[in-house]
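*Asks:* So you can see what is in the structure, the chains are spelled out below.
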Amino acid sequence: MEQLSVRDIHHVIAAARSFREISARSIKKVPTLRGKTIVNLFFEPSTRTRTSFEIAAKRMSADTFNIAASTSSATKGETLIDTARNIEAMNPDIIIIRHSCSGAPQLLARHIGASIINAGDGAHEHPSQGLLDIMTILDHKQDLAGLKIAIIGDIAHSRVAVSDILGFTKLGATVCVAGPATFIPAAVDQLGARVCGSVDEAIEDADVVMALRIQKERQNDPLIPSLREYSICYGINRRRLAKAKPDVLVMHPGPINRGVELSPDVADGPSSVILQQVNNGVAVRMALLYLVMGGEKSGDAQGDI
Amino acid sequence: MSELIILQNGRVIDPMNQTDAIADIWVEDGRIAAPQTTAPEGACRYDLAGRWVLPGLIDIHVHLREPGQEYKETIATGTMAAAAGGFTAVACMPNTRPVNDNAAVTRYILDKAADCVARVYPVGALSRDSQGLELAEYGEMKEAGVVALTDDGMPVADSQLMRRAMEYASSHGMPVISHSEELSLSRNGSMNEGAVSTRLGLRGIPTAAESIMVYREIALAELTGARVHIAHVSCEASLALIRLAKQRGVKITAETAPHYFALTDAAVDGYNTHAKMNPPLRSEADRLAIRAALADGTLDAIATDHAPHSVLEKDVEFNYAANGIVGLETSLPLALSLVHDGIITAGRMVDLMSCAPARILGVPGGRLAPGDPADITVVDPDRPFVFAAGESRSKGRNTPFDGWQFRGKAVLTIMNGRVTFNDL
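Protein sequence lines correspond, in order, to chains R and V. Counting in the working numbering, the first sequence runs from 1 upward without gaps. Counting in the working numbering, the second sequence runs from 306 upward without gaps.
Quick caveat, the hints were computed from the structure, so don't treat them as lab data. The model shown is predicted, which means the values in this text are computed figures rather than measured ones. There could be a bad hint or two in this list.
[Stated by the list, open to error] Derived coverage of chain R by chain V (criterion: at least 3 residues anywhere in the stretch with Cβ under 8 Å from a Cβ of chain V; other residues may be distant):
hint	stretch
1	131–141
2	204–213
[Said to hold, decoys possible] Non-contacting residues of chain V with respect to chain R, defined by C-beta distances greater than 12 Å in every case (computed):
hint	residue
3	E308
4	A339
5	A626
6	R664
7	G695
8	D707
9	V724
Using N, Cα and C, we set each Cβ at its ideal position, and we do this for glycine too.
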């Protein structure tokens with residue numbers, strides 16, 4: 001998201017809108033990427049992002065292959081670069097990578113020629129998620145400029161948060177982040193976010209409230225005493241949401257810990273656009289694949305999204 | 306027949322003898338000799354007009370990797386890089402394989418170093434196998450040639466062990482060198498904590514991870530009266546503590562590395578593993594504080610923390626990349642930039658890179674007096690120089706300074722009366 005200009009973002013979303021209609025057809029397939037080979041190289045477990053990319057590729061008639069770290073050579077001590085070079089030798093057109101290390105996609109892009117799409121790297125970025133979040137907001141709001149968007153939760157360990165903050169602020173929104181101080185990364189204001197002292201302050205008059213998943217599996221780092229206390233102090237429930245604008249959108253990158261960061265009535269309530277995010281995810285990823293392969297913008301720099 | 310080298314017309318900068326003047330230096334039979342009115346025939350003469358003639362530079366923080374990791378560096382290649390960078394002596398850290406925690410390993414290192422182009426002063430391990438559990442045998446190691454003690458990159462977590470190490474080291478007349486790092490704060494971190502780490506999504510290491518331990522070492526130095534040397538200071542918070550401790554008369558000295566006054570954590574951008582080291586590159590405020598501390602005496606020495614790695618350790622995901630960069634061939638050019646920028650004088654640079662290092666380790670050198678072993682560095686302060694990592698004498702190519710344009714470099718290095726590097 002850091003590399004994308006405002007124009008790029010609108011360009012992707014315009015393309016995604018045109019592709020969204022394909023998924024609503026009875027025959028959900030176009031020949032746009034016929035004969036193209038797309039590799040999903042996932043070094044971290046992911047169901048929804050991988051599936052979303054796979055569905056996007058298949059709806060455009062590309063051939064897709066999934067390589068999960070557990071079945072790849074990574075466990076045999078092969079380096080990331082060697083793994084990628086081996087895959088590259090089989091001439092894929094696009095490699096979609098998910099990795100637990102921030103910067104892994106950049107490392108690949110420096111060493112191989114195939115186009116790389118970042119499907120989430122460490123705590124760095126998750127650009128396709130950021131784009132689908134923007135698309136979802138724009139389905140309901142004219143413009144991001146002037147909106148107040150609250151992001152609540154574990155900002156410090158969230159790649160979604162970074163992509164969202166960068167993307168939302170590029171389009172002119174005010175992004176307020178809130179959560180316990182253990183979840184707020186150093187100097188996050190320099191990314192463009194405003195740090196709020198409380199969830200209530202962040203949510204007050206917000207146009208969008210984004211809750212982030214609380215990772216239960218962070219060992220050796222006592223970030224919060226318990227999920228129970230988190231949900232009491234920082235969870236988004238109907239009472240807290242009442243402070244937001246009446247037409248507030250509730251979003252979540254999934255998967256939700258119901259009753260922790262979002263109360264069930266909010267997650268399923270009228271303000272929730274969570275499933276729309278998932279739906280838009282396929283369209284955004286179709287657009288990314290198309291644009292990365294597409295005649296107008298192909299190859300190196302642009303390929304590294 | 307004795308061999309005579311005459312260094313003519315250079316600017317001799319020798320702070321320990323309060324000398325900064327154009328003069329000739331004679332080298333005879335490996336030692337500095339008093340210039341005579343007439344020189345015998347057959348003397349080897351170097352006209353050094355416009356050059357600086359300095360006591361040989363000493364780098365007190367170098368990893369030579371031998372024994373055990375010869376694919377990264379050997380004592381031979383490391384000392385060649387040292388000579389090319391203007392160094393006549395280096396102190397090598399004990400984190401070899403096996404660890405230099407006993408006299409046999411020390412003797413092995415010195416044996417290998419005997420024919421090399423720089424003096425090698427081994428630093429012994431503070432604890433057995435640097436495990437931080439029990440003291441290593443300082444007496445025997447000193448006998449074998451060890452000059453100081455440290456567990457360097459395996460920081461001593463146990464304060465009681467550190468106290469005992471200081472006490473026992475002082476009994477043997479050696480300083481303890483502290484790599485000051487509170488591991489529980491730095492754990493899993495891979496760069497400085499700040500705006501850049503947040504943007505890159507990399508776990509940060511706060512400056513407090515360093516300064517907390519710097520304060521512990523100061524407190525223990527005060528308690529024990531031992532001599533403590535703080536390695537590679539990277540941040541303002543540590544400097545403030547060291548400055549106050551020195552005012553109180555604590556026997557503490559400190560070094561920084563060139564990258565801490567030349568670079569900030571912005572260099573990590575793009576996940577550049579050649580900007581990954583421990584302690585990490587810090588903020589601009591820290592960088593400026595380091596420069597000021599080099600000038601005001603809070604920092605005593607510049608040492609490189611020369612840490613050669615192969616591509617195997619560096620061409621990987623940032624989180625997995627090894628810490629450290631090579632530094633022997635860029636240290637002097639970077640220090641010269643401080644002189645050119647008016648931060649320090651040439652004499653102060655000599656103090657930081659030769660006199661103080663000799664003093665801290667209690668080894669010869671740091672001055673140019675007749676009768677001393679002839680360890681001499683000749684510097685052309687204005688020679689344009691582009692550093693090419695690919696042409697380095699070191700086996701390591703891991704440097705953020707590849708392709709940097711410098712003004713000034715070492716052009717002639719003499720160790721024990723022998724020319725070990727000549728780029729005149």
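*Asks:* List, from low to high, the hint numbers that the structure doesn't satisfy.
*Replies:* Those not satisfied are hints 1, 2 and 5.
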